[in-house]
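Undergrad: Chains as they are written, first to last, in the working numbering: chain A, 9 to 277; chain B, 3 to 205.
Simulated from the structure, these hints should not be mistaken for lab results. Keep in mind that a hint or two might mislead.
Said to hold, decoys possible - Dumping the calculated SDA-like pairs for lysine to any residue here, alpha-carbon to alpha-carbon at most 25 Å:
#  : chain 1 : residue 1 : chain 2 : residue 2
1  : B       : Lys30     : A       : Asp73
2  : B       : Lys120    : A       : Lys10
3  : B       : Lys30     : A       : Lys10
4  : B       : Lys30     : B       : Glu114
5  : B       : Lys6      : A       : Phe71
6  : B       : Lys29     : A       : Ala72
7  : B       : Lys61     : B       : Leu26
8  : A       : Lys10     : A       : Leu22
9  : B       : Lys30     : A       : Ser28
10 : B       : Lys61     : A       : Glu81
11 : B       : Lys30     : B       : Gly40
12 : B       : Lys120    : B       : Gln46
13 : B       : Lys61     : B       : Leu8
14 : A       : Lys34     : A       : Asp66
15 : B       : Lys30     : A       : Ala50
16 : B       : Lys120    : A       : Ala50
17 : B       : Lys61     : B       : Thr71
18 : B       : Lys6      : A       : Ala72
19 : A       : Lys34     : B       : Asp42
20 : B       : Lys6      : A       : Lys10
21 : B       : Lys61     : B       : Gly40
22 : B       : Lys120    : B       : Asp42
23 : B       : Lys30     : B       : Glu47
24 : B       : Lys61     : B       : Glu43
What follows is the residue order along each chain.
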Amino acid sequence: MKYCEEYLPALSALMDGELSDAERDKVLAHLETCEGCRTYLAELTAMHAAFEDMEEYDAPEGFADGVMARVHEAAPKKRTHRAAWLSLAACAAIVIFAVGGPLRSQFGAKSAADNAAPETAMMTMAEPEERAEEEYTDEFASVQSAPMTMDSTARTGAWELPAISAFADIKPTEGKAAEEANDASFANEAELPRSVVFVYGAARENYLIEEAVSFSYYADGTTAGYDLLVEKLDEFLALLDADGLTYESSVAKQATTFYVQYEGGNTNG
Amino acid sequence: MNEKELILLLQQGDEAAFETLVRLYEKKIYTLCRRMCGNDEDAQEAAQDAFLALWRSAKSFRGDASLSTWLYRLATNACIDLLRRSKRGGERVSLDDEETTFELVDAAPLPEQALERKETQRLINEGLAALPEDYRAILLLREAEGLSYAEIAAAMHMELGTVKSRISRGRVLLRNYLTASGNFFDSASSKVTECNREEMSAK
């Protein structure tokens, strides 16, 4: 007997003591009648217990000294870094997409045409393609909401389709197990509209990460992908506006989160 | 000098105060980074990055979250950044990492229980390493650091609902990994029920 998909977040929150009384009563009542969910809860509990035994680590000898050394070493360079960033920002294209169902299918279709085996393609870095940049520009021309500066050196065309590539790393996700894992994990995502934002050239700037973004990551020094709530998008765009960065955006109604491979380039940039 | 005073000094650029804070938090942050990265070298770099980010962003620390929450955020970001960078460089964190797999080889004979515990730890670490970084991070904050959903929401700048669903999803993924890997639920829990065994043997 399998657990009930719709109860997974509640079971998880039950174990964490994060349910209201009413919610807890409801889950407990369900557990009385559902063996699958009881088993799942027991498994969660077993994992929880295993975490408690996790090893702690002492920082290596001289760790703090190393930090202080880096503080000193970073200080004189700071200005150059900032200057470099500003000039980069002036010419870099900051591109913002809110990715939703319609866009996803467009990109999905394109990629399927470009790649005989799109699933494999997700896991590898896309090669820059001039053609892709053209297509990209056309695609967003209609939804452009701000004047767009697209420097030819910006790697705008270099990314592949939005892909669930983050899941490509999971070992048991092969064949059937893979479908199950992905289905299960994306089933609950529909609750909040999200956007994926690509930023080129300013990825290292802290404020982009600290403000407005509900979750973020960046792959190297020059390219970033941000995953944020659509409702935070305005706030985020305001930050970019404040720094005089141009961008283009579209807003999706569909709630979707993607993990996207993007083109790197010069990590020292 | 208490933490509040140290933070005030840090915000004025006081290096001594900063160093005191580093020493105060280095074990906590290093442990988180070590668990995130899975090896000492990356953990050290990420933990240093995190403290460096603290130094640079001290002025924007508003004190509405605790310093440790802020540091968790900086450390998590530093780890995810580092892991993604090294992935691009081709040094993947591999599930087949020989070091991990053969960790037990040199171990002196252990009582059965301790052995079981070590195996459980190995499997959990392996399962964590198999997760996408963001799920690994949120699970560690919840399970290993013991943060509440509200604290995680503050640390990660997420909505509470998102925290809840991501933790749940992370657990599903980890559970699926551990189920597929065979004996975790046998050794970690005696509560494995019959229907679960059926499920596993049906594969």
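Undergrad: A separate judgement is required for each hint: does it hold in the structure or not?
TA: These are the hints, each one checked on the structure:
Taken as a hint, the B/Lys30 and A/Asp73 pair is honoured in the structure, with Cα atoms around 17 Å apart against an allowance of 25 Å. With a CA separation close to 29 Å, the supplied pair B/Lys120 and A/Lys10 exceeds the 25 Å bound. With a C-alpha separation of about 38 Å, the suggested pair B/Lys30 and A/Lys10 falls outside the 25 Å cut-off, and the hint is violated. Of the supplied pair hints, the one linking B/Lys30 and B/Glu114 is violated, its CA atoms being roughly 30 Å apart against a limit of 25 Å.
Proposed proximity of B/Lys6 and A/Phe71 is supported: the alpha carbons are some 23 Å apart, at most 25 Å. For a cut-off of 25 Å, the pair hint linking B/Lys29 to A/Ala72 stands: about 10 Å separates their Cα positions. Distance restraint check for B/Lys61 and B/Leu26: the Cα-Cα separation of roughly 19 Å lies within the 25 Å cut-off, and the hinted pair is therefore satisfied. For the hint linking A/Lys10 to A/Leu22, the alpha-carbon distance of about 18 Å falls within 25 Å, and the restraint holds.
For the hint linking B/Lys30 to A/Ser28, the alpha-carbon distance of about 31 Å lies beyond 25 Å, and the restraint is violated. Under the criterion of a C-alpha separation no larger than 25 Å, the hint pairing B/Lys61 with A/Glu81 is consistent with the structure, at around 20 Å. Taken as a hint, the B/Lys30 and B/Gly40 pair is honoured in the structure, with Cα atoms around 15 Å apart against an allowance of 25 Å. For the given pair, B/Lys120 sits about 24 Å from B/Gln46 by alpha-carbon distance, which is consistent with the 25 Å threshold.
For a cut-off of 25 Å, the pair hint linking B/Lys61 to B/Leu8 stands: about 13 Å separates their Cα positions. A threshold of 25 Å between alpha carbons decides the hint, and for A/Lys34 with A/Asp66 the separation of about 43 Å lies outside it, so the pair is violated. For the hint pairing B/Lys30 with A/Ala50, the CA-to-CA distance comes to about 29 Å; that exceeds 25 Å, so the pair is violated. A hinted pair counts as satisfied when its Cα atoms are at most 25 Å apart, and B/Lys120 with A/Ala50 qualifies at roughly 20 Å.
Pair hint B/Lys61 plus B/Thr71 holds up; C-alpha atoms about 16 Å apart against a cutoff of 25 Å. For a cut-off of 25 Å, the pair hint linking B/Lys6 to A/Ala72 stands: about 20 Å separates their Cα positions. Between the alpha carbons of A/Lys34 and B/Asp42 the distance comes to roughly 45 Å, so the proposed pair goes past 25 Å and is violated. Taken as a hint, the B/Lys6 and A/Lys10 pair is broken in the structure, with Cα atoms around 50 Å apart against an allowance of 25 Å.
This hinted pair does not check out: B/Lys61 and B/Gly40 have alpha carbons roughly 31 Å apart, beyond 25 Å. Restraint check: the Cα-Cα separation between B/Lys120 and B/Asp42 comes to about 19 Å, which is no more than 25 Å; the hinted pair holds. With a C-alpha separation of about 15 Å, the suggested pairing of B/Lys30 with B/Glu47 holds against the 25 Å cut-off. With a C-alpha separation of about 29 Å, the suggested pairing of B/Lys61 with B/Glu43 is violated against the 25 Å cut-off.
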